[in-house]
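Please model the complete structure; the sequences and the hints are all you need to start from.
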Amino acid sequence: MNLDSIKNLLSFFSGQSDINRTHRIAKTFAELKEQNRKALIPFITAGDPHPKYTVQLMHQLVQSGADIIELGVPFSDPMADGPTIQRSSERALKYHVSLDDVLKLVAEFRKTNTNTPIVLMGYANPVEALGHVSFAAKARDCGVDGVLIVDYPPEESSEWVQCLEQHQIDAIFLLSPTTHQQRIEQVAKMAKGYIYYVSLKGVTGASHLDLQDVSTMLKQLRQYISLPIGVGFGIRDGVTAKAVAELSDAVVVGSRIIEEIEKSSESDLFSNVGSLVKALRDAIDKN
Amino acid sequence: MSAYDLPNKNGHFGPYGGIFVAETLISALEDLREQYEFYRHDANFQSEFAEELKHYVGRPSPIYHAKRWSEHLGGAQILLKREDLNHTGAHKINNTIGQALLARRMGKKRVIAETGAGQHGVASATVAARYGMECVVYMGSEDVKRQATNVYRMKLLGATVVPVESGSRTLKDALNEAMRDWVTNVENTFYIIGTVAGPHPYPMMVRDFQVVIGNEAKIQMQEDFTRQPDALIACVGGGSNAIGLFYPYIDDVNVQLIGVEAAGKGIDTDQHAATLSMGRPGVLHGNRTYLIQDENGQIVETHSISAGLDYPGVGPEHAWLKDCGRAEYVAITDDEALEAFHTLCRYEGIMPALESSHALAYAAKYAPTLPKDKLLLVNLSGRGDKDMATVAQMSGLTL
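Protein sequences, first through last, are from chains A and B.
Going left to right, the first sequence walks through residues 1 to 287 as the working numbering numbers them.
Going left to right, the second sequence walks through residues 1 to 399 as the working numbering numbers them.
To be clear, the hints were calculated from the coordinates, so they are not data collected in a lab.
Backbone N, C-alpha and C fix where the C-beta goes; we use that ideal spot for every residue, glycine too.
Be careful, since some hints might not be right.
Claimed, not checked - Each pair of labels, with its calculated beta carbon distance range:
no.	chain 1	residue 1	chain 2	residue 2	range
1	A	185	B	31	14 to 24 Å
2	B	37	A	141	44 to 54 Å
3	B	324	A	275	52 to 62 Å
4	A	108	B	163	13 to 23 Å
What the hints assert, rightly or not - Stretches of chain B that chain A covers, calculated by requiring three or more beta carbons in the stretch to come under 8 Å of a beta carbon on chain A:
no.	segment
5	15-22
6	114-127
7	140-153
8	281-287
9	294-300
Spelled out as structure tokens, the structure:
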């Protein structure tokens, strides 16, 4: 047993682990609120376009203005994703990027960044293959702050949420335009960190966001939810990002960034992704 | 022992089944569950379903005693439940009629389906034509190439066939794509799943529409043989024909239930689709069940000579029947299935589907170990016309 794991063990039993570590998401949102700013949450898939670029890409996202990073765990059958994110998963899987590898990438990132919250986003089966408890323990040690498993809806999640809670990881949940009130209340009870509101019907990468609908639904959600609410799906440019930021606490951008990665070469990958995220940041912050 | 009554209200069969989907699909599934819960007890719905099965499908399908083949094997008597005589040539039509009638009552004008070999796609295109609905069938682009005749058949029936280029370009990817379509077009679209997999209520609903196979068999066995069979044998890909036959017999513990999976080139190779024999539990396509996966939980490509068994998952009810020991699951290789295909052609003048040939091949192994007064009921789930090109190719011929 090395020194770190002894420290973790001690803090676990004393119930007082490093505040900086365990409350990164809450802390980030609190700071933003103080500054009257909204969070920008870019999504990339770990291992896309190649595992050797992932950590540097994560640092690039932070430098260009990301407040939280959603890191996709590649899966062979990403049912809820559109073609763009699906292709990013396929590119990563060419290098056999496993959930274990993703956790190692996070640990690598944490060596030089201890502030930016990392949320893993993926599908149930890789987590099941590793086992809930051993996944949660590893994720905690590697510096993961939240996990969103797309195909774990609340009704199948009680044991999962408990397991994450014991390891001080936030269980992030989705809400959609079709979620009815009873479920909103149920999710409000289980969710930690923030709520990810899927702003339109369909899969990731679709492009018919209706701001009026988002506005109406968010008002309804706020009656039950005290956590910050992030909005994603269909945000492709600064104008939309700005408009969504005015309604919500955080703007999640995925497919648009993956597209940028897709069309970049090795030489301009970081500058292209950097300028895209910077442009979104500037648009969101503009008065 | 209390009577078998699964799934529970959450769609669980023991630890299997459930609703493992993204939030975006939940309300569509809740709606489906409520509507189906109503119509499964609705006399009108059930009588229309029964009428369609009788006059459009041609049910009941007979049980045929394969005497010459049984004699040749020299053991138990083999009886065939002739689902191959159904309209469109397989058991799949039972389920697509049920779901199309439900779609109509739910006011959905558009149906979508996934297909591997094309049989479920054909059965879906058929009922869409019958009830005047738009039909879109998702099919892996690899399968589109392998099953050109069925693709044309679906087009003749007025369906649009969409080749799926993602992943391994086979059945599982077609299922992913159909789910994506459904989540996007949920207001006007009904997703007709072809097997007893997917999120609740699909495994239960598809089973209920296929249970006619076992219900008929129970009556026919009593009438024709004055007793029930000693064992039921059926092939298992997703497992809809098997559960349709097994389900009414689950509480009859003297009747052995045997599911036959595809061992492909051998279960000791990496080219098989024997999910229950070789897989591990996990989550895919909306339910927890056995899956063929690598050590990292990625779903791996499967292989079977029969496209209908070429699927890395299996219905959650089969996973439960295996774990609780009520049913047993065995595997048959491509070669063994092919041999059974030829044998049934020669001895009985019946050309079985390659899927059903797996069940026949196991019967051919099992029968000689039993006395002549034992009865094995094999589900002949489909006819083999669609497989002639594959069989010819395996024999080194081109048609």
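Here is how each hint holds up against the structure:
no., hint, result
1, A/185 <-> B/31: 14 to 24 Å, "19 Å, holds"
2, B/37 <-> A/141: 44 to 54 Å, "45 Å, holds"
3, B/324 <-> A/275: 52 to 62 Å, "58 Å, holds"
4, A/108 <-> B/163: 13 to 23 Å, "40 Å, violated"
5, 15-22, "holds (count 5)"
6, 114-127, "violated (count 0)"
7, 140-153, "violated (count 0)"
8, 281-287, "holds (count 6)"
9, 294-300, "holds (count 6)"
The structure fails to meet hints 4, 6 and 7 from the earlier list, while all remaining hints are met.
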